[in-house]
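Enquirer: Those sequence lines, one after another, are chains A and B. Residue 1 is where the first sequence starts when you use our numbering, and the numbers rise one by one after that. Residue 1 is where the second sequence starts when you use our numbering, and the numbers rise one by one after that.
Honestly, the hints are just simulated from the structure, not real lab data. Heads up, a few of these hints could be off.
As the list claims (entries may be wrong) - Computed spacing ranges between beta-carbons, pair by pair:
| # | chain 1 | residue 1 | chain 2 | residue 2 | range |
| --- | --- | --- | --- | --- | --- |
| 1 | A | D123 | B | A529 | 32 to 42 angstroms |
| 2 | B | A484 | A | D123 | 45 to 55 angstroms |
| 3 | B | G443 | A | S66 | 40 to 50 angstroms |
| 4 | A | S66 | B | K320 | 53 to 63 angstroms |
| 5 | A | R168 | B | P345 | 27 to 37 angstroms |
| 6 | B | P518 | A | S66 | 44 to 54 angstroms |
| 7 | A | E149 | B | A538 | 37 to 47 angstroms |
| 8 | A | Q50 | B | D89 | 47 to 57 angstroms |
| 9 | A | E166 | B | S286 | 32 to 42 angstroms |
| 10 | B | P345 | A | E166 | 28 to 38 angstroms |
To be verified - Take a look, some chain A residues computed to stay more than 10 angstroms from chain B by CB distance:
| # | residue |
| --- | --- |
| 11 | R121 |
| 12 | D132 |
| 13 | E150 |
| 14 | R158 |
| 15 | A167 |
Ideal Cβ placement from N, Cα and C applies to all residues, glycine included.
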Amino acid sequence: MLKTHITMREAAPWPLLSKYKIGQAILLIFLSLNRLHAPAAWAAGAGALQFNEMYDSVSSLGITLSDKLKSLEGEVVAMEGFMAPPLKPTLDFFVLTRVPMSICPFCSSDANWPYDIVMVRLDKSVTSLPFDRPIRVEGRLELGSEIDEETGFVSVVRIRATRIQEARK
Amino acid sequence: MRRIKALFVTGVLLMFGAAAMASEAEIVVLPIDRAKFLAGQRFDLEVEFRGASANEIGLLIDGRDASEFFGKEPVVKKSGTLSSFRFNDVALTKAGEITAEAKAKVGGKEYVKSVRYTVVPPQEQKARNVILFIGDGMGLASRQIARILSKGVTEGKYDGLLEMELLQDGTALINTSGYDSLVTDSANSASAYATGHKSVVNAMGVYENSDPDPLTHPKVENITELVKRARGMSVGLVTTSNITDATPAAMVAHTRRRAEQNFIAGEMAKADVILGGGSQQFLPRSVAGSKRADDRDLIEEFKAEGYAFAANRAGLAAAKGERVLGLFGLDNMNVYLDREILKDPEVLGGFTDQPTLMEMTKHAIDILSKNENGFFLMVEGACIDKQLHSMDWERSAYDTIEFDKAIGVAREFAANDGSTLIITTADHSHGISILGTYHERDGKTGREAVRTYAESIFPTFSDSNGDGFPENPAPDVTLAIGYANHPDYYEDFKFHAKPVSPAIMSGDVAVGNTARAPRGALYIGNIPANESSEVHTADDVPLSAAGPGADYFRGVMDNTEVFFGIVRALGIDPAQK
Numbered sequence: 001m002l003k004t005h006i007t008m009r010e011a012a013p014w015p016l017l018s019k020y021k022i023g024q025a026i027l028l029i030f031l032s033l034n035r036l037h038a039p040a041a042w043a044a045g046a047g048a049l050q051f052n053e054m055y056d057s058v059s060s061l062g063i064t065l066s067d068k069l070k071s072l073e074g075e076v077v078a079m080e081g082f083m084a085p086p087l088k089p090t091l092d093f094f095v096l097t098r099v100p101m102s103i104c105p106f107c108s109s110d111a112n113w114p115y116d117i118v119m120v121r122l123d124k125s126v127t128s129l130p131f132d133r134p135i136r137v138e139g140r141l142e143l144g145s146e147i148d149e150e151t152g153f154v155s156v157v158r159i160r161a162t163r164i165q166e167a168r169k
Numbered sequence: 001m002r003r004i005k006a007l008f009v010t011g012v013l014l015m016f017g018a019a020a021m022a023s024e025a026e027i028v029v030l031p032i033d034r035a036k037f038l039a040g041q042r043f044d045l046e047v048e049f050r051g052a053s054a055n056e057i058g059l060l061i062d063g064r065d066a067s068e069f070f071g072k073e074p075v076v077k078k079s080g081t082l083s084s085f086r087f088n089d090v091a092l093t094k095a096g097e098i099t100a101e102a103k104a105k106v107g108g109k110e111y112v113k114s115v116r117y118t119v120v121p122p123q124e125q126k127a128r129n130v131i132l133f134i135g136d137g138m139g140l141a142s143r144q145i146a147r148i149l150s151k152g153v154t155e156g157k158y159d160g161l162l163e164m165e166l167l168q169d170g171t172a173l174i175n176t177s178g179y180d181s182l183v184t185d186s187a188n189s190a191s192a193y194a195t196g197h198k199s200v201v202n203a204m205g206v207y208e209n210s211d212p213d214p215l216t217h218p219k220v221e222n223i224t225e226l227v228k229r230a231r232g233m234s235v236g237l238v239t240t241s242n243i244t245d246a247t248p249a250a251m252v253a254h255t256r257r258r259a260e261q262n263f264i265a266g267e268m269a270k271a272d273v274i275l276g277g278g279s280q281q282f283l284p285r286s287v288a289g290s291k292r293a294d295d296r297d298l299i300e301e302f303k304a305e306g307y308a309f310a311a312n313r314a315g316l317a318a319a320k321g322e323r324v325l326g327l328f329g330l331d332n333m334n335v336y337l338d339r340e341i342l343k344d345p346e347v348l349g350g351f352t353d354q355p356t357l358m359e360m361t362k363h364a365i366d367i368l369s370k371n372e373n374g375f376f377l378m379v380e381g382a383c384i385d386k387q388l389h390s391m392d393w394e395r396s397a398y399d400t401i402e403f404d405k406a407i408g409v410a411r412e413f414a415a416n417d418g419s420t421l422i423i424t425t426a427d428h429s430h431g432i433s434i435l436g437t438y439h440e441r442d443g444k445t446g447r448e449a450v451r452t453y454a455e456s457i458f459p460t461f462s463d464s465n466g467d468g469f470p471e472n473p474a475p476d477v478t479l480a481i482g483y484a485n486h487p488d489y490y491e492d493f494k495f496h497a498k499p500v501s502p503a504i505m506s507g508d509v510a511v512g513n514t515a516r517a518p519r520g521a522l523y524i525g526n527i528p529a530n531e532s533s534e535v536h537t538a539d540d541v542p543l544s545a546a547g548p549g550a551d552y553f554r555g556v557m558d559n560t561e562v563f564f565g566i567v568r569a570l571g572i573d574p575a576q577k
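Can you make the complete structure from the sequences, with help from the hints?
Expert: So this is what it looks like as structure tokens:
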């Protein structure tokens, strides 16, 4: 028998951290976009924006947004890129990247996203999009640092998507 | 000494406990059985009773009550069928074997778990400084590939040895497993080097308990904390990855989750010279490019603490003083081939003035060696590993050569200094092997052009300027490299002018990326389909050492022994100061 008994007192349960699992890519995402695969009827005047036009300079002290990007704030823009596997199953946003993402839990955690990415917000919803083929996103451009409360994902450049479809090559 | 009296819980709780006992209940003692300590090394000792509601748990150390043994009371927690008590920040000061026996009672049933610890005494000091070089993922084949490219081979004899291969006072094979699994990751393995204790995948400086909070697991004192506390030494961390990535992080931080990089960035202030990539973890979230979730500006905080800050190669040259923070990229630095040879603006993305690992190592040694108490410096060749994950052996090989050149810088310093132990090893291996050579001189392509046995004529890499780096990473006759563990991928045995992922996610499976080899053959993966990169292997890794104390390294050793070789050479006595 033990010399000392340590009494187990009731303590508050340990807090559960709401950490999402990266790499938990889901096969289908449900965007209820109208006529997703219908012929594109892009908004007239949507400003085409390329990944390499977003920044003026990049250094260890941060990124300077380009004049073109800033001039398009609040405007409707169209971008082509790749949809990264979503960070969470409840899809109210995804990340648009210049090249398709390969997710490696040890070398590409959420902390290691490339810096030239665009967060695409989704108001509406449905249908699946491939992660390995280019997609085209159209919507209003938003700028400024924001954090997604659920995932901790920090974004600077966002598009509030009104139309998404596979890019035609 | 105050005793905690037993307090018997209600019959309802006992019934609850008995019901929960249907599943297996167990006692877990952390640190685990066969853990080894330097006498006086600080740690947290935790006992968890899992799977049933215990009404009593207790711990004896060499037959003495643990509270009495440590002279302090434990922190006690209980939640559902999990009970724990923990002694924070204690030490075993007497060398020898020691037994810790934990007991738990559930109703009338008693559970017992006994662990044995080994405590080694401090040794006489042999070296003033230790430089630990970690080639991330640099297994035996990586070293040999670098030797072929950098030194050349003529009629089967190598035309020279790598700097790391000239460290010949101690040689060993290192086992890399953590205590949870055969195949380790860089956090777990670097943690073994930093603390002398194994941990679990994704963890550093801690044993794993049941708490979901990654920052509260029981800690073990690391090399940075020890050499600062016991001798007032300086500490330097140099890498080509994010400075908050696993290997440098494990030298200073304690966390169950290596992804806690915002936290780890703050922990970097335990070191004096911090050079690498990853300013994204130091910039306030309001700055574009930041990956912080708060408004802390760590660069300004470090400056206020007396650190000179450098953002590029020119800044590093100008950064003087005793403490330097150099962050040369928002993310990982580019690899040597892209930084110094190919210089494709699209790949570099604006970071056109990054220092080499040699320059960073030299700068760190220049600063750290001013401390007469000595220094501990960890230098990591980080992208040797990252490029093998991407199945890009050429980019990996050039970074291995760069890493080797940095070892040359340290050897030069050690030759003059005379009191520096240099250790070079890897933290784990990768599944690469040299199949032979590859050429298309006879018109064959793909696997038919992989030359084996007598057909494997020597490769034609050439280094005409003698800097150790072949000018052309894709010569007429190159190496044929095979990968033992891989996702679906396309292979043509050719060099990639730009980095390219071997596989990309499509739904929850990784599919081969045709961009890697548009006319290449598809190789079906042999690891789970949701894995999009080549992965670590459990192979032992080579260690080479030279200088005072290097004789410790011989034969086949556990990875935790690297820590004991370091503290033995330095003669660290945690009881001092």
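Enquirer: Hint by hint, say whether it matches the structure.
Expert: Hints versus structure:
1. Taking 32 to 42 angstroms as the suggested C-beta distance range, the pair D123 (chain A) and A529 (chain B) conforms, at roughly 33 angstroms.
2. Remark: the range hint 45 to 55 angstroms for A484 (chain B) to D123 (chain A) is upheld by a beta-carbon distance near 47 angstroms.
3. In this structure the hint that G443 (chain B) and S66 (chain A) lie 40 to 50 angstroms apart at CB holds, the actual value being about 48 angstroms.
4. One distance hint, 53 to 63 angstroms for the beta-carbon pair S66 (chain A) and K320 (chain B), is violated here, with the actual separation near 35 angstroms.
5. In this structure, R168 (chain A) and P345 (chain B) meet the distance hint of 27 to 37 angstroms, their C-beta atoms being roughly 29 angstroms apart.
6. Under the hint 44 to 54 angstroms, the C-beta atoms of P518 (chain B) and S66 (chain A), about 32 angstroms apart, miss the expected range.
7. Taken as a hint, the range 37 to 47 angstroms holds for the pair E149 (chain A) and A538 (chain B), whose Cβ atoms sit roughly 40 angstroms apart.
8. Between Q50 (chain A) and D89 (chain B), the C-beta spacing of about 55 angstroms keeps the proposed range 47 to 57 angstroms intact.
9. With their beta carbons about 35 angstroms apart, E166 (chain A) and S286 (chain B) fall inside the hinted range of 32 to 42 angstroms.
10. As the Cβ distance of P345 (chain B) to E166 (chain A) is approximately 29 angstroms, the hint placing it in 28 to 38 angstroms holds.
11. The non-interface label for R121 (chain A) is consistent with chain B: the shortest C-beta to C-beta separation is roughly 18 angstroms, beyond 10 angstroms.
12. Distance check for D132 (chain A) against chain B: the nearest CB is about 5 angstroms away, which does not clear 10 angstroms, and the non-interface claim fails.
13. With a cut of 10 angstroms on Cβ distances, E150 (chain A) stays outside the contact zone with chain B, its closest approach being about 12 angstroms.
14. Every beta carbon of chain B lies more than 10 angstroms from that of R158 (chain A), the smallest distance being close to 12 angstroms; the non-interface claim holds.
15. Every Cβ of chain B is farther than 10 angstroms from the Cβ of A167 (chain A); the closest lies at roughly 16 angstroms, confirming the non-interface assignment.
The structure fails hints 4, 6 and 12 (numbered hints given earlier, in ascending order).
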